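**Student:** Each chain is listed here by its residues.
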Amino acid sequence: MMDESEKILLDWDVLEVGETFDKFEYVLTQEMIDTYRKGVMDPDASFPTIAHKVDVRQYNAKYRDNGSVNARCSFYCYNPPVPGKKLIVTAKIADKYLRRGKNYIVTEAVSVDEDGRLIDRVITHELKQPNEVGKKWGE
Amino acid sequence: MGGVDRNYEVGAEISPLVKQMSQEAINLFEGSTGNTGPSQFTDEETARETLGTSGTVASGRMSLTFAIEMLRRYFGGEIYNHTGFVDLRFLRPVRPGDQITFTGKITDITREANGSRVSVEIKAENQKGDTTGIGSGSAVVPNAYLPVED
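First to last, the protein sequences are chains G and W. So the first sequence is numbered by the working numbering: it starts at 1 and just counts up by one. So the second sequence is numbered by the working numbering: it starts at 140 and just counts up by one.
These are calculated hints, taken from the structure and not from any lab test. Fair warning: there could be bad hints in the mix.
The list that follows gives simulated cross-link-like pairs (lysine to aspartate or glutamate, EDC-like), each with its CA atoms no further than 20 Å apart [claimed, not checked]:
1) G/Lys135 x W/Asp269
2) G/Lys23 x G/Glu108
3) G/Lys135 x W/Glu183
4) G/Lys135 x W/Glu184
The structure presented is a predicted model; accordingly, all values stated were derived computationally and were not measured.
So that you can see chain G by itself, here it is in the shape it has in the complex:
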């Protein structure tokens, strides 16, 4: 991963819809799954991939900005991941939009395991002015 100083400062106006990031690979361990299940208080939770935020991971590896707030998230379940298997994630900028003077970017990622099993798809709308949360809901 790049140092912060090497990252590109986000210019929302020039960010290209359709930009596809380098593939990201990781191994989902049983420990990760167990910790996730404790956190969400659900011993049967099947998609610990949600916590890995893989749709914005490669974006965050390439760009720097003022942070973000998750405004909307969609998730498609295809097959629960198997512990110990490598997961391969392809992510892209799916859309961007301006609403009430605020900038949003939409990222989309598809995860497939090392055997080619489709795992899940996640689409996230991020508000790129995170301090709006404090302005509205600060206390």
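Put chain W on the given structure of chain G with help from the hints.
**Tutor:** Just chain W, lined up with the frame of chain G:
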């Protein structure tokens, strides 16, 4: 996992799911990826600097997970884990100490090539009755589980 309700009918309410949020739960969720660095979810100072809030908030992805759990319990894992979908908009922050109740109601049943898509509207409310999230979800169920059409 409990019994699976297969009496799909538009207007039917599904069993609610209640979650008690804590900083420990948030830390486990965030830490499950191996990332233990400070964030707006785990560190009050980072939350103040980034969000301008007085304390930490839970990631919207935790609410997403809870909506998925509610639907998985309703449809059953053998269906929901392979055909499930959820789409949630986050309207208010969820904070440690909040109790969030997820509810759902069937809004539509549509025939598809491999079964019928049962769609559910979803709402999440905190202990004050404030809506923290709204959205929808669905799963494709075998037509054999549905009432016979006339």
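**Student:** None of the hints should be skipped; say for each whether it holds.
**Tutor:** These are the hints, each one checked on the structure:
1. G/Lys135 x W/Asp269: Answer holds: G/Lys135 to W/Asp269 is near 18 Å, not above 20 Å.
2. G/Lys23 x G/Glu108: holds (13 Å)
3. G/Lys135 x W/Glu183: holds (16 Å)
4. G/Lys135 x W/Glu184: Distance of about 16 Å is within 20 Å: holds.
Checked against the numbered hints listed earlier, the structure breaks none of them; every hint is satisfied.
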